[in-house]
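Given the coordinates of chain L, work out where chain F should sit on it, guided by the hints.
Top to bottom, those sequences are chains L and F. Counting from 1, one number per residue, gives the positions in the first sequence under my numbering. Counting from 1, one number per residue, gives the positions in the second sequence under my numbering.
Among the hints, a few may not be true.
Unchecked claim - The calculated label-pair distances, taken between Cβ atoms and stated as ranges, are:
no.: 1; chain 1: L; residue 1: Q208; chain 2: F; residue 2: E202; range: 33 to 43 Å
no.: 2; chain 1: F; residue 1: A84; chain 2: L; residue 2: P194; range: 28 to 38 Å
no.: 3; chain 1: F; residue 1: R94; chain 2: L; residue 2: F52; range: 46 to 56 Å
no.: 4; chain 1: L; residue 1: L136; chain 2: F; residue 2: A84; range: 32 to 42 Å
no.: 5; chain 1: L; residue 1: L136; chain 2: F; residue 2: E143; range: 41 to 51 Å
no.: 6; chain 1: F; residue 1: D23; chain 2: L; residue 2: D281; range: 56 to 66 Å
no.: 7; chain 1: F; residue 1: A37; chain 2: L; residue 2: F146; range: 37 to 47 Å
no.: 8; chain 1: F; residue 1: T96; chain 2: L; residue 2: A288; range: 34 to 44 Å
no.: 9; chain 1: L; residue 1: D145; chain 2: F; residue 2: G15; range: 30 to 40 Å
no.: 10; chain 1: L; residue 1: V72; chain 2: F; residue 2: P197; range: 48 to 58 Å
no.: 11; chain 1: L; residue 1: A152; chain 2: F; residue 2: D23; range: 51 to 61 Å
Since the hints were made in silico from the structure, they are not lab data. In this text the structure is predicted, and so the values were computed from the model without any measurement. Positions of the beta carbon are idealized from the N, C-alpha and C atoms, including for glycine.
Given next are the chains, with one letter for each unit.
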Amino acid sequence: MGPNVDIGSFWQALKDAFVMELPIGEGFTAVVDFMQEHFELFFVAVANTISFVADNLTEFFNYLPPQLVFGVLAVLALWRVGWRFALFVLVGLYIVLGMDLWPESMDTLGLVIAATLAALGVGLPVGVAMAKSELLAAAVRPVLDFMQTLPAFVYLIPAVIFFGTGRVPGTIATVIFAMPPAVRLMNLGIRQVPTENVEAGRAFGCNQLQLLFKVELPLALPSIMAGINQTIMLALSMVVIASMIGAGGLGDPVLAGIQQLRLGTGFEGGLGVVILAIILDRLTQSFAQPNRQREGVLTRLKRFFGRADAERTA
Amino acid sequence: MSTKLSVQHVYKVFGAHPRRALDRIKRGESKDEIFAATGMTVGVSDASFEVQEGEIFVVMGLSGSGKSTLVRMLNRLIDPTAGAIRIDGQDITRMTRKQLIELRRREISMVFQSFALMPHQSVLENTAFGLAVAGTSRSQREEKALAALDAVGLKANAHSYPDELSGGMKQRVGLARALAVNPGILLMDEAFSALDPLIRTEMQDELLRLQSEQARTVVFITHDLDEAMRVGDRIAIMQGGAVVQVGTPEEIVREPANEYVRSFFRGVDVSHVFTAADVARKDHVTVMERPGVSVRAALERLREHDGSAAVVHDRSRKYQGVVSIDSLIACIDGLGRREEGRIEQAFVADVTPVTADTPLTELMTQVAESPYPVPVVDGDGRYQGTISRATLLHTLNRTDKGAA
Numbered sequence: 001m002g003p004n005v006d007i008g009s010f011w012q013a014l015k016d017a018f019v020m021e022l023p024i025g026e027g028f029t030a031v032v033d034f035m036q037e038h039f040e041l042f043f044v045a046v047a048n049t050i051s052f053v054a055d056n057l058t059e060f061f062n063y064l065p066p067q068l069v070f071g072v073l074a075v076l077a078l079w080r081v082g083w084r085f086a087l088f089v090l091v092g093l094y095i096v097l098g099m100d101l102w103p104e105s106m107d108t109l110g111l112v113i114a115a116t117l118a119a120l121g122v123g124l125p126v127g128v129a130m131a132k133s134e135l136l137a138a139a140v141r142p143v144l145d146f147m148q149t150l151p152a153f154v155y156l157i158p159a160v161i162f163f164g165t166g167r168v169p170g171t172i173a174t175v176i177f178a179m180p181p182a183v184r185l186m187n188l189g190i191r192q193v194p195t196e197n198v199e200a201g202r203a204f205g206c207n208q209l210q211l212l213f214k215v216e217l218p219l220a221l222p223s224i225m226a227g228i229n230q231t232i233m234l235a236l237s238m239v240v241i242a243s244m245i246g247a248g249g250l251g252d253p254v255l256a257g258i259q260q261l262r263l264g265t266g267f268e269g270g271l272g273v274v275i276l277a278i279i280l281d282r283l284t285q286s287f288a289q290p291n292r293q294r295e296g297v298l299t300r301l302k303r304f305f306g307r308a309d310a311e312r313t314a
Numbered sequence: 001m002s003t004k005l006s007v008q009h010v011y012k013v014f015g016a017h018p019r020r021a022l023d024r025i026k027r028g029e030s031k032d033e034i035f036a037a038t039g040m041t042v043g044v045s046d047a048s049f050e051v052q053e054g055e056i057f058v059v060m061g062l063s064g065s066g067k068s069t070l071v072r073m074l075n076r077l078i079d080p081t082a083g084a085i086r087i088d089g090q091d092i093t094r095m096t097r098k099q100l101i102e103l104r105r106r107e108i109s110m111v112f113q114s115f116a117l118m119p120h121q122s123v124l125e126n127t128a129f130g131l132a133v134a135g136t137s138r139s140q141r142e143e144k145a146l147a148a149l150d151a152v153g154l155k156a157n158a159h160s161y162p163d164e165l166s167g168g169m170k171q172r173v174g175l176a177r178a179l180a181v182n183p184g185i186l187l188m189d190e191a192f193s194a195l196d197p198l199i200r201t202e203m204q205d206e207l208l209r210l211q212s213e214q215a216r217t218v219v220f221i222t223h224d225l226d227e228a229m230r231v232g233d234r235i236a237i238m239q240g241g242a243v244v245q246v247g248t249p250e251e252i253v254r255e256p257a258n259e260y261v262r263s264f265f266r267g268v269d270v271s272h273v274f275t276a277a278d279v280a281r282k283d284h285v286t287v288m289e290r291p292g293v294s295v296r297a298a299l300e301r302l303r304e305h306d307g308s309a310a311v312v313h314d315r316s317r318k319y320q321g322v323v324s325i326d327s328l329i330a331c332i333d334g335l336g337r338r339e340e341g342r343i344e345q346a347f348v349a350d351v352t353p354v355t356a357d358t359p360l361t362e363l364m365t366q367v368a369e370s371p372y373p374v375p376v377v378d379g380d381g382r383y384q385g386t387i388s389r390a391t392l393l394h395t396l397n398r399t400d401k402g403a404a
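Next comes chain L alone, as it looks inside the complex:
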């Protein structure tokens, strides 16, 4: 290395010559400002719709007496999964009630369901369209990557700008975060339907709609259900983060635990989320399998109370 060459300044010169500063951040801000200024009516409409659904759902779940929620979820668990899971549901919900987090849990449940419905309502049709069009698939895929990997806090901020704080921006941020798996797995599921089944559908005279509803969707069902399950799980994890912008629910005790170093409170909130997550996960997963060879609720009840050794279905 020659003594006369100053590598540092050479590098600097190279950088000055080739690297231009891109005003991406400013651009994003400008876009957000522009949208806020010109699409106000649109945002108001969206906000009203979402708050209507989310508010009513959370209110509805809070209105239900805990006993009824216990009963319904336990029976569902017994019917779809098995008696051991039904037992888990009862114990889990009892813990939630005992931690005095019942209203928060119901808020979260309402929010998750509202966000999931919105995510599926947009995501599933987009997934179908992607499966049918290579062009659309190529266009949508990077958008999905963006939605999934962009740190959630980054779009919490514009959500607040557009919709203020509270349930509405929380739900919207959740929808954005939770939608990709529904789109992806719907697309994948339809593409994975065996060629000969699709050909059979066409050969017997299906039109496009019949092909979709009689062949493609039923055969893609396991994949679609996996997508719905993932959407619900992601929605649940996002709802906690959304409590930072005042969405409420089980995220509140978690946030309080972090902000005030109250270990116990944080843990209780976290545990509530875990219990809800397991219940929702197992239940939605069970719907991915056809129920035709399964037993009815009555048979299961009889089994539960009659013979404890009948565990082969579990």
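For chain F alone, coordinates are given in the frame of chain L:
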């Protein structure tokens, strides 16, 4: 018999600019040359044939010969690049989407290699699939589906689900689904190829039985020559996307169009293909006509021709019997000096003629055990020729020699 389906100069090119590939084909370039130059694949090239009402028409070829592409053009699951396909005289390549859907619902149905049943539907619902798609009422379609299931012997399994059935049973459902719409044409794409050999034979018999009850026009795709020979009334052989020969199994075995076709028959059991009439020869034994032949004259003639046996028939060529040197001598020994002797008295007792349509398999034992050539007669008892052991061995051997 009338023509049900006619395929005329049909081409299929897979790729970005099929017309350009078509020009190259017409300039005489081969499939491989076109692929090397343009990256486009010629699936089917100038295929022409006609299928008659009520026959099983087999399309046979190795994988990649274009047979699956060809059959999918017959219901336009694949659109042909050029050419005409007529069903009952109507060109389906010119049909609108709506007409095409109507055609698929009423006129043409298909059986698939991997069965392609809908796993979420019961056997009955699967069978009724085509009817449901066409908007038939529930009661009517269940009635028709049950009848179709009955025809393939699966009525008892109507409420099972596909994953509870064996491969052979699944394909019976596939067949029932295709039959339930009562189609004019049935396309079978390697329908039995995924089944194990025993079940495959069983299904071939099933198809032939159904066909004997109600003759449908069937286009049957296979890569298995034995299967083609068994079920096919006529066979089209495909090579590199082109139809190289169309004919009855016998015609193709007897006169293969080229080396490729001949190579199929190497090692093939021709005894299934040929009947007694195909191998019977007239030049091997001395033939005597009655009346007018005495026993002594007959012996004389036989010795003259250096033969050991002779067939006797009457003036209308009706078969009478077989005489041999031994039987003639024995007969003469029993005669008085002046007696003329009637030739019937010298007939060899244990020779029974076979009819012309007897398959070779069924007469092998008889030919092998008989000391004399076995005579062959037609339906009216007229003499057609004889089959000797030598003829039989020669026939069984000929395809090997032909290919060598």
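Now the hints, each set against the structure:
1. Q208/L <-> E202/F: 33 to 43 Å: Holds, since Q208/L and E202/F (Cβ atoms, about 38 Å apart) stay within the stated range.
2. A84/F <-> P194/L: 28 to 38 Å: Between A84/F and P194/L, where Cβ atoms are some 31 Å apart, the hint holds.
3. R94/F <-> F52/L: 46 to 56 Å: holds (54 Å)
4. L136/L <-> A84/F: 32 to 42 Å: holds (35 Å)
5. L136/L <-> E143/F: 41 to 51 Å: About 43 Å separates the Cβ atoms of L136/L and E143/F, which means 41 to 51 Å holds.
6. D23/F <-> D281/L: 56 to 66 Å: holds (60 Å)
7. A37/F <-> F146/L: 37 to 47 Å: holds (42 Å)
8. T96/F <-> A288/L: 34 to 44 Å: holds (40 Å)
9. D145/L <-> G15/F: 30 to 40 Å: holds (32 Å)
10. V72/L <-> P197/F: 48 to 58 Å: Once the Cβ atoms are compared, 55 Å apart, the range 48 to 58 Å for P197/F and V72/L holds.
11. A152/L <-> D23/F: 51 to 61 Å: holds (58 Å)
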